[in-house]
Amino acid sequence: MTRLFALILALLALALPVSAQQGPLRIEITEGVIEPMPFAAPSFVPVNADAKEIGEDIASVVAADLVSTGLFRQIQTASFISGITSFTSPVEFADWKAINAQALITGQISTNGNQLVIQFRVYDVFAGQELGNGLQFAGTTEGWRRMAHKVADAVYTRITGESGYFDSRIVFVSERGNKGDRSKALAIMDYDGANVQMLTDDSNLVLAPRFSPSGDRVLYTSYETGFPRIYLLDVGSASRRVLEEQPGSISFAPRFGPDGNTVVYSLATNGNTDLYRMDTTGTGRVRLTSSPAIDTAPSFSPDGSQIVFESDRSGSQQLYIMPATGGQAQRISFGAGRYGTPVWSPRGDLVAFTKLNKGRFHIGVMRTDGSEERLLTASFLDEGPTWSPNGRVIMFTRETQGSSGQASLYSVDITGRNLQRIRTPYGASDPAWSPLQ
Amino acid sequence: MKYITKVALIAGALFLAACEQNSRFDNPLGGRGAGDDFASSGLASADNPTTPEYFRQFVGDSVFFPVNEYTLNAESRSLLGQQAEWLIDNPNFDAIVQGHADERGTREYNLALGDRRANSARDYLLSLGVSAARIKTVSYGKERPAQLCSDESCYSVNRRAVTVLVAGQ
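Sequence order for the protein chains is B and G. If you number the first sequence the way this note's numbering does, the last residue is 439 and the count never jumps. If you number the second sequence the way this note's numbering does, the last residue is 171 and the count never jumps.
Source of the hints: derived by calculation from the structure; they are not laboratory data. Be careful, since some hints might not be right.
[What the hints assert, rightly or not] Only pairs whose alpha carbons sit at most 20 Å apart, straight line, appear in this in silico DMTMM-like list of lysine to aspartate or glutamate: (1) G:138 to G:153; (2) B:360 to G:154; (3) G:138 to B:314; (4) G:138 to G:91; (5) B:360 to G:71; (6) B:54 to B:144; (7) B:360 to B:305; (8) B:360 to G:91; (9) G:138 to G:63; (10) G:138 to G:87; (11) G:138 to B:37; (12) B:99 to B:144; (13) B:54 to B:132.
[Claimed, not checked] The following residues of chain G were derived to be distant from chain B, with all beta-carbon distances above 12 Å: (14) 52; (15) 55; (16) 56; (17) 72; (18) 80; (19) 84; (20) 87; (21) 92; (22) 113; (23) 123; (24) 151; (25) 158; (26) 168.
Every residue, glycine too, gets a C-beta built ideally from N, C-alpha and C.
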């Protein structure tokens, strides 16, 4: 029991910075600075010669995933006392203890043509025992990155007790040109910025794509007709169809309901923007709000019973929650400044939002009753949060100031730590995170 | 103060337009004002009061709004009055009023705000007798700023409704 490798992420309702501590090994929630857990991930052992390179690549993606969380620190290969040359031989725990590797990830890879099999194990070095049982994933060599992300998700889950988010994708708007004449196209990529693929060309302005709950479809707004309209796109085939084309009105800000068949969105008619819902077939339109104010940016609760949205009915942009069928809305934001783009967390306990206050933009989170507001970022322009599938990380758009200003994607922990830029080939905005695949 | 800025901007825009046309037509327009005689300038079409070029340059296609607002001030109503007159005189053109916002807002809110601004301008044109069937609206939110800098001098001209002429139905 002395060195029990029991890393418990005691996610009390509101997660705070975590730190690994000595003594019984666990991740404690404190206000303090995190001490990331050191781990070693030697290259995965190749069973056949062809598998050598891919084994190195996979181990490095697994390590990069873990390091990117800010919860782990990788011990460099140069400091290893012994390597892992056989997946099946007993681990020399003393050699890994000596370099203070608290976790050790070992694996082996075999390839056969384009078939790829990964086996791996996670060890609690100081306890001298395996954490859980070994796992095996089989797939194709082209899909090696995805398999690496699956390994990392499994390791993350074993160590933190939470589901991971590495085997997930981001749909976003790829941007080129200066901001007066910017061309925009829908694109999709792995959560870490790898494997970027275009889903549309950039001949029409496109905005704010949103994944379906199963990640197979995307709702977005396009100016294809010259007017903003909501479209539904199938990710696999990239085929698309218009969902809402009420003449004389514009529609935007669509988002799926948790059933995957319901869409909630804004429709503006004669200068008044209200919320509506309809089916993904484009039928069954129901009006949800009818205030003369701007009501937009709706987002369902994970159970589908409520909708959080923004409205300026009080005179300034604020956040409200109403039943998913419409009706009495309850204001939840009361701090200084304006609030927009609320997004319900996958766990259901928090709402992420954009806040504008004193000329600065912030990404923040609050509880669904509006309490415990915390701002995670501050810049000239941060907006449009999207949740990682496990509710631990938020990705958003940050745009720089000035006539040459460019947008790019950033992620931040809900602790406010670990701010990172996601590298993309061009400018990027409006990210939406897929579910875990 | 705001008025002076705007006059300077309009003057600047006219000067640029003049430069561009000089290079193409080699026919200097020189300084100009509302009272200048355009008949002798020989420019392609801006001197012809039935053209979109004339509408853009000498009627004026844009009205401007304060932060988060969409009501028209006296200056905007006066300019829209001239637009309405022009549209009534030139029934072979319809118009799309584009609403825009500055970059200091969220994307969705700015789309809704641009829609409000476009409809403010449209409603006023309709109140002056322009047929509703001739005027459409669209919002670009903050997607198409007219000026690119990140301070109020640009924001004040980006919060606008622009009347864009299209061939009539």
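Hint check:
1. G:138 to G:153: Not OK: residue 138 of chain G and residue 153 of chain G at ~30 Å, beyond 20 Å, violated.
2. B:360 to G:154: Holds, because 14 Å separates the two Cα atoms, which is no more than 20 Å.
3. G:138 to B:314: Not satisfied, since the Cα-Cα distance of roughly 25 Å exceeds 20 Å.
4. G:138 to G:91: Since the Cα atoms of residue 138 of chain G and residue 91 of chain G sit roughly 18 Å apart, the hinted pair holds (cutoff 20 Å).
5. B:360 to G:71: holds, 18 Å
6. B:54 to B:144: With a Cα-Cα distance of about 15 Å, the restraint between residue 54 of chain B and residue 144 of chain B holds, given a limit of 20 Å.
7. B:360 to B:305: Not OK: residue 360 of chain B and residue 305 of chain B at ~35 Å, beyond 20 Å, violated.
8. B:360 to G:91: This hinted pair is violated, its Cα atoms lying about 47 Å apart.
9. G:138 to G:63: Holds, at roughly 15 Å.
10. G:138 to G:87: holds, 17 Å
11. G:138 to B:37: The hint is violated at about 59 Å.
12. B:99 to B:144: violated, 36 Å
13. B:54 to B:132: Violated: residue 54 of chain B and residue 132 of chain B sit about 24 Å apart, past 20 Å.
14. 52: holds, 24 Å
15. 55: holds, 21 Å
16. 56: Non-interface label on residue 56 of chain G holds, nearest chain B Cβ at 24 Å vs cutoff 12 Å.
17. 72: violated, 7 Å
18. 80: For residue 80 of chain G, whose nearest Cβ neighbour in chain B is about 21 Å away, the distance exceeds 12 Å, so it holds.
19. 84: At roughly 22 Å from the nearest Cβ of chain B, residue 84 of chain G sits farther out than 12 Å, so the non-interface label holds.
20. 87: holds, 23 Å
21. 92: holds, 22 Å
22. 113: violated, 5 Å
23. 123: violated, 10 Å
24. 151: Given a closest Cβ separation of 5 Å, the condition is violated.
25. 158: holds, 15 Å
26. 168: It is violated; residue 168 of chain G is separated from chain B by about 10 Å at its closest Cβ, not greater than 12 Å.
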